[in-house]
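Start from chain A and add chains B and C according to the hints.
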Amino acid sequence: MLEIKELTVKFKTPQGELKACDKVSLKIEKGKNLGLVGESGCGKSMTCLAILKLLPAEAQITWGKILFKDENIFKMDSKKLRTVRGDKISMIFQEPMSSLNPVITIGEQLTEAIMTHKQVTQSEAKKQAIELLKKVKIDKPEARFYEYPHNLSGGMRQRVMIAMAISLKPDILIADEPTTALDVTTQAQVLELLDELQREYNMSVLIVSHDFGVIARLADSIAVMYAGEIVEYASSEDLFKNPRHPYTKALLVSLKQMQQKKDNLTVLKGAVCDLTKLPIGCRFKPRCSEADAECKNKITELVEINKGHFVRCHKCKK
Amino acid sequence: MIKYIAKRLLLMVPMLLGISLLTLLIMHLSPGDPTSLRYGLNPEVSGSARAQLKELYNLDKPFVVQYGCWLKRVVTLDFGRSFVDNRPVIDKIKERLPATLLLQISALLLIFSIAIPVGVLSAVKQNSFFDKVTTFLVFIGFATPTFWLALMLMRLFSFELEWFPVSGMSPWYAQYMSLPQRIGDILWHLVLPLVTLAFTGLASLSRYVRYSMLEVIRQDYIRTARAKGLAENRIIFKHALKNALLPVVTILGMTLPALIGGSFIFETIFAWPGMGRLGYMSIMQYDYPTVMGVGIISVFLTLLGILISDILYAAIDPRIRYE
Amino acid sequence: MSKKKDFRKKYAAVGLAVILVMFLIAVFANFIAPYDPEEINLAPGARLQAPSLKHLLGTDDLGRDVFSRMVYGARISLSVGFVAVGLSLIIGVTVGAIAGYFGGWVDILLMRIVEIIMCFPRIFLILMLIAFLGPNILIVMAVIGLTGWTGLARLVRAEFLSLKERDYVHAARALGAGDRRIIFRHILPNALSPVYVSAVLGVGGAILIESSLSFLGLGVQIPTPSWGNILTTGMHYIESAWWLMLFPGLAILITVLSYNLVGETLRDVLDPRLKGFNQK
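Protein chains in written order, with the numbering used here: chain A, 1 to 318; chain B, 1 to 323; chain C, 1 to 280.
Hints were generated in silico from the structure; no laboratory data involved.
Please note that a few of the clues may not be correct.
[To be verified] In silico BS3-like pairs for lysine-lysine, Cα to Cα no more than 25 angstroms straight-line: (1) K238/B x K53/A; (2) K126/A x K238/B; (3) K88/A x K135/A; (4) K53/A x K7/B; (5) K238/B x K127/A; (6) K80/A x K125/B; (7) K125/B x K10/A; (8) K65/A x K79/A; (9) K65/A x K30/A; (10) K80/A x K135/A; (11) K132/B x K10/C; (12) K315/A x K249/A; (13) K132/B x K9/C; (14) K169/A x K53/A; (15) K7/B x K72/B.
[Unchecked claim] Only part of the chain C face toward chain B is listed, based on derived beta-carbon distances under 7 angstroms: (16) S193; (17) Y196; (18) M245; (19) L257.
Ideal Cβ placement from N, Cα and C applies to all residues, glycine included.
If we strip away everything but chain A, and leave its shape as in the complex, we get (with noise of 0.2 angstroms):
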């Protein structure tokens, strides 16, 4: 249903050009979930952004295009753009504490959208956006309607959020780090809540978290992502047996110490390499312990090494 194809964006920094993403390829099918993973700044947030051309103006795409319904988003107008924007692919934010607007009710937050999409009355609108915030469990929703967001906990926004992002059924929600900025109980609720309302809408979630725990709990298939590509891509089962490529190893190493509540845990060295000045070989040799002097100078392709598994990792073979 959806396909990004090579996406690269380029971004602008004071100390030079960097790439955000290079040349990014996934697949979102129907009612299946996609989970995407890796460390901060390693381009996930600029893949999800991209999907519905939101990226900051310091970035750019270069190449690439994402078919959403066979259609490239990239060469929609924005009139045609807004209609996939919110109706068909609707977003969730990392941070609810500034995602929603300090100076607008919620309630004309989400009865806004449902009008900017759908022909409906003020009051049926209402009648709606109280039914989503209830759907999303906020207690009291007749009330809140007329709050403003600083009345609310980050919980209870990133609920707001999630209301407003399947008030119109999407076919695909995005939900870029949802949970990161909540506490741990919240965390757990709020993963919960994305879970039950994918069955019941049959929407398509892509999940993105630098924590293999959050998307393990919804993701049918899971891609990761380092210093901008694409490492390895597998079924979430196949992956969390059998990880192949070192990265993903070392995630998911400490994510098993994390949950054995180890105290040592084995942390991964070093940082994602200078993105302004890519080497020529692997990525991530610098970080890695195969590594061998090949490594330095082979360029890696994603190779299929399993059917539906695919690894970025000359050292994996068939």
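Only chains B and C this time, still in chain A's reference frame:
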């Protein structure tokens, strides 16, 4: 909301104390006794005026007493009698105030009604031709001596083109006009002083709106609005502008001192019968009671402006309204 | 992006050049001015002459050469600008540093004073002070300086508030450095960006105010020439002698514009925060 306004009003009390202290200190700044300062140079101030001044400000009493008396005068708006015509200062100010308020308020309205659209447009179309032209004009505006602009406008529109009157507000023949004619005549006289006065605040305010708007446009909630598929107009005017206006409203309080200051110059140039011209004339005539009176009233106007902008702020921002 | 920056720098370079030229004119006024700026010539036909080769910018109502008066006026404007801003800087930095560094009631008291002063229309405060102190050039300089430090004090205070919590300041304190040493050696050098910018912009502002005061007859007193008091004469002959009005005004405009261009560019260079780059 009422609590908020009460709090704001309460905050003005120490301001008032400070303002009266500062003005009293200014009186004392003059070398030696303020009453003996400049009489050698100024024949208009006679010996009896000296006695008046001493009595008016209790200058022979201890400072605390002076301050107490002065504070009482400030609060009751009793500034004594003018040295020039022996009329109560407050009466002189009262008859001048309407003309000044007319000029100030219309200037404020003009400034806001131009600066907001210009600022918004140049922010939304950042780096466009329009943005570049306004940026250029803003730079020129910042650097233009406004009294010079007043002279140039006067020469062009009053002398060369003869579109507007040279000066004044209501000439002698106005008494023979009907009311609508008189209002029209006053408005006709208002144009040049108004344009000049508005010019003083225009550059900085439109720049400020632009800056504020640019800040708001990159906020997360604007991205949310886009993600919802709202039309661009709604995003700009509903979601962005309301937030961008918040800091602009606070600027209202800051603009007022500059505007009132400007009216001292422009009312003088255009012979506009307002408080600014009165202040200037009384300075030139060493009419100290009037000078102090005009000073205090100007500051009161500024405080009033700040209060209004605080209330406006609260009206826009729910975070303050429901504090 | 970089192209736009170059453009900006080009403007700033022009501004800097104008400032330099004005500076040279002010310093070498007695060599540049063809006539004595205060020499009155009431001979028939000598008054109110339009610009000609003999009198480049014409003569005024007392037959004085306007060009010479403008050249000397530059000297006045610049000295008022620099002295006044120097005074503002000293007061503003001191008050801001003390308020920001010590905080508490000192901060509250000082900032209240700043707010009170800001409530006065600056031009009226200046006029009032001059009315009490009498108009002469030193008083004008002092009064412009004394009323112009409030904004700077706020900026410096804000810098100090954030800088005093930095690690290197804590480290210096742990090593036993005294308040004065911390303020002057550790914090102040890092808090100077807004000071430079305000200084440059302030000179332009002070020149504007001096010219307004002189225009109103409360600044530089005749016969000493200043751009502002030439304009006063210009106003009296507004219908006839356009040159008395046009040139001093342009001189003020161009000078102030140059300081603003340099100041704004300096701000862009020194204070990247204000450029508003949004890194995601």
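Structure versus earlier hints, numbers of those that do not hold, lowest first = Violated hints: 4, 10, 16 and 17; rest satisfied.
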